[in-house]
Amino acid sequence: ANNAISQNVAESNCEISVKAILGKRFGQVNVNQFDAGAIKTAFRKAIDLAKSVRPDSTLLPLLGKQKESPAAPFSEKTASAGPADRAAIVSRIVRKYKRKKLLASGTCSNGANAVALFNTNDLFAFHRDTSADLELTALIRDGAGSASDSSREIDRLQVDDVADRAMDKAIRSVSPGVCPAGDYTVILEEGAVCEILEFLGWVGFGALSFIENRSFLAGRLGQKVMGSNITIADDVRHPLMRGLPFDFEGMPRQSLPLIERGVARGVVHDRLTAKRLKTRSTGHSLQQPNTMGPMPLNLVVSPGTSSVEEMIATTKKGIYVTKFHYTNVIDPKLVILTGMTRNGTFLIENGKITRPLKNMRFTESAVEAFNNVERISKKVKFVSAFFGGGFVVPTMKINKFTFSSETKF
Numbered sequence: 015a016n017n018a019i020s021q022n023v024a025e026s027n028c029e030i031s032v033k034a035i036l037g038k039r040f041g042q043v044n045v046n047q048f049d050a051g052a053i054k055t056a057f058r059k060a061i062d063l064a065k066s067v068r069p070d071s072t073l074l075p076l077l078g079k080q081k082e083s084p085a086a087p088f089s090e091k092t093a094s095a096g097p098a099d100r101a102a103i104v105s106r107i108v109r110k111y112k113r114k115k116l117l118a119s120g121t122c123s124n125g126a127n128a129v130a131l132f133n134t135n136d137l138f139a140f141h142r143d144t145s146a147d148l149e150l151t152a153l154i155r156d157g158a159g160s161a162s163d164s165s166r167e168i169d170r171l172q173v174d175d176v177a178d179r180a181m182d183k184a185i186r187s188v189s190p191g192v193c194p195a196g197d198y199t200v201i202l203e204e205g206a207v208c209e210i211l212e213f214l215g216w217v218g219f220g221a222l223s224f225i226e227n228r229s230f231l232a233g234r235l236g237q238k239v240m241g242s243n244i245t246i247a248d249d250v251r252h253p254l255m256r257g258l259p260f261d262f263e264g265m266p267r268q269s270l271p272l273i274e275r276g277v278a279r280g281v282v283h284d285r286l287t288a289k290r291l292k293t294r295s296t297g298h299s300l301q302q303p304n305t306m307g308p309m310p311l312n313l314v315v316s317p318g319t320s321s322v323e324e325m326i327a328t329t330k331k332g333i334y335v336t337k338f339h340y341t342n343v344i345d346p347k348l349v350i351l352t353g354m355t356r357n358g359t360f361l362i363e364n365g366k367i368t369r370p371l372k373n374m375r376f377t378e379s380a381v382e383a384f385n386n387v388e389r390i391s392k393k394v395k396f397v398s399a400f401f402g403g404g405f406v407v408p409t410m411k412i413n414k415f416t417f418s419s420e421t422k423f
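The sequence shown begins at 15 in this note's numbering and counts up by one.
Please note that the accuracy of each hint is not assured.
[What the hints assert, rightly or not] Beta-carbon label-pair distances, calculated as ranges:
{"hint": "1", "residue 1": "Ile185", "residue 2": "Phe400", "range": "18 to 28 Å"}
{"hint": "2", "residue 1": "Arg294", "residue 2": "Ser419", "range": "38 to 48 Å"}
{"hint": "3", "residue 1": "Gly236", "residue 2": "Leu74", "range": "27 to 37 Å"}
[As the list claims (entries may be wrong)] List of simulated lysine-lysine pairs, BS3-like, C-alpha gap at most 25 Å:
{"hint": "4", "residue 1": "Lys79", "residue 2": "Lys33"}
{"hint": "5", "residue 1": "Lys414", "residue 2": "Lys347"}
{"hint": "6", "residue 1": "Lys292", "residue 2": "Lys81"}
{"hint": "7", "residue 1": "Lys289", "residue 2": "Lys38"}
{"hint": "8", "residue 1": "Lys414", "residue 2": "Lys331"}
{"hint": "9", "residue 1": "Lys347", "residue 2": "Lys238"}
Honestly, the hints are just simulated from the structure, not real lab data. Bear in mind that the values here come from a model prediction, so they are computed numbers and not experimental data. For glycine and all other residues, C-beta sits at the position ideal for the given N, C-alpha and C.
Using the sequences and the hints, build the whole thing.
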C-alpha cells in the first residue's frame, strides 16, 4: 500500500483428514501434526465418532481405484520464490509509479499446493501445482484503476503490462462524473465477467440445486437459455486453467459442456446426485459431507472473434467496466445479482471512451445478461475468483445491462 510493502506473510500448512466408515456410520477428524502418535490418535477418534453417530442412509461405499490423472505443469521456481523475488516485482511497479506521482497498492503472491487422496479400497490420487498472482490498484487524487495477472510461473507474470493498464485507468479516472441509472450497453473486462460467472456456477450449474428446482436450468435441459454465441464448459484441462484433475471423492474430473451455443446441456455431479438421477458422477464433488452439492470450479467461456477496440468503436453509448465488487445474489432461481463497479468505470460515446464515471450499482440477471451478449473477445485469460480457484473468461459487450443507481464516489 502507498508505494511500500506493508505486509509480508508466509504460510506453510499440512493437514490430514481421516474418515472412518463403519457400515452406514462415519466419523471424520482433521489434524495438522504428522507424527505417528498424532495420526494414530486421529484414527482412533474418527472410529469413536463413527460408533457414536446415527446411521446415514445416503453414505456411499468407498470409491475404488481410478484412472491416473495426468500431471499438471509444476514450477520449482514459483514454489521456491521468496520475499526478495516478490519485492523485486513490487519495486518495478513502485519505481514507475513514483516517477508518475501515483500510488500503488495490491498483492503479489506465489505458492505451491499438493493434494493426495487414498483409502483402503485401493484409491490413490495425487496432484500438485503452483500459482503466482499480481493484483494492482493505481491511485491518483480521486482516480483509481486496477489490473491483474495470474500464472503458474512467477517469471511469466506480465508485470509492466499490469502496471501500465492500472496506471492508465487511474489517470483517466480523475474527476469522475455521474451517470444516471438505466439500461446501458456495457463492455465488461475479464474480471467483471468472472464475477458474474462465479455466481452463475454457484447457484445454477450444480446438480443439487438442479434436483431441488433451485437452478435456472431445472426443467430446461436441451432448451435454449442463453445467446447462441455463449458456450460454457467446465474444463480443468484447458491449457490456461489451474485446478485439481480429480474431485474430493477421488473421481477424475470430466470436461463437459454446460451451455453449448446457448443450449443447456447439463449440470455437474458428485456420486450422490448422480445416484439420485441414475447417471454417472462427473467428478465435481466437494469434500463430503456438505450441503452445497457438486460445484463447477473450472469454468471456461469460449472466445469470440472481436477485439476490445472493436467493441468500443461499435458502441454509440455505453459504459466500460473494469471489475465488480460486493456482488451478491438477490434471486438464486433467476440468478439476479447486484454489486458495484470499481477501479475504472468510463462512459463510451460514439465509439470512444469520453469521460470517467463515479461507481454505479448494477442489478441484473446473469442469465439475461448472457442472452444479450453482442460481442465476445477473441482473447481469453485466467482470472482468479473471489471464493477461490479461477475461470478462463473473455471480455464481453452486453446490451440492456441494468444499472439501478449511481453513487457519490
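Now for the hints, and whether the structure bears them out:
no., hint, in the structure
1, Ile185 to Phe400: 18 to 28 Å, "27 Å, holds"
2, Arg294 to Ser419: 38 to 48 Å, "46 Å, holds"
3, Gly236 to Leu74: 27 to 37 Å, "29 Å, holds"
4, Lys79 to Lys33, "17 Å, holds"
5, Lys414 to Lys347, "20 Å, holds"
6, Lys292 to Lys81, "22 Å, holds"
7, Lys289 to Lys38, "16 Å, holds"
8, Lys414 to Lys331, "11 Å, holds"
9, Lys347 to Lys238, "16 Å, holds"
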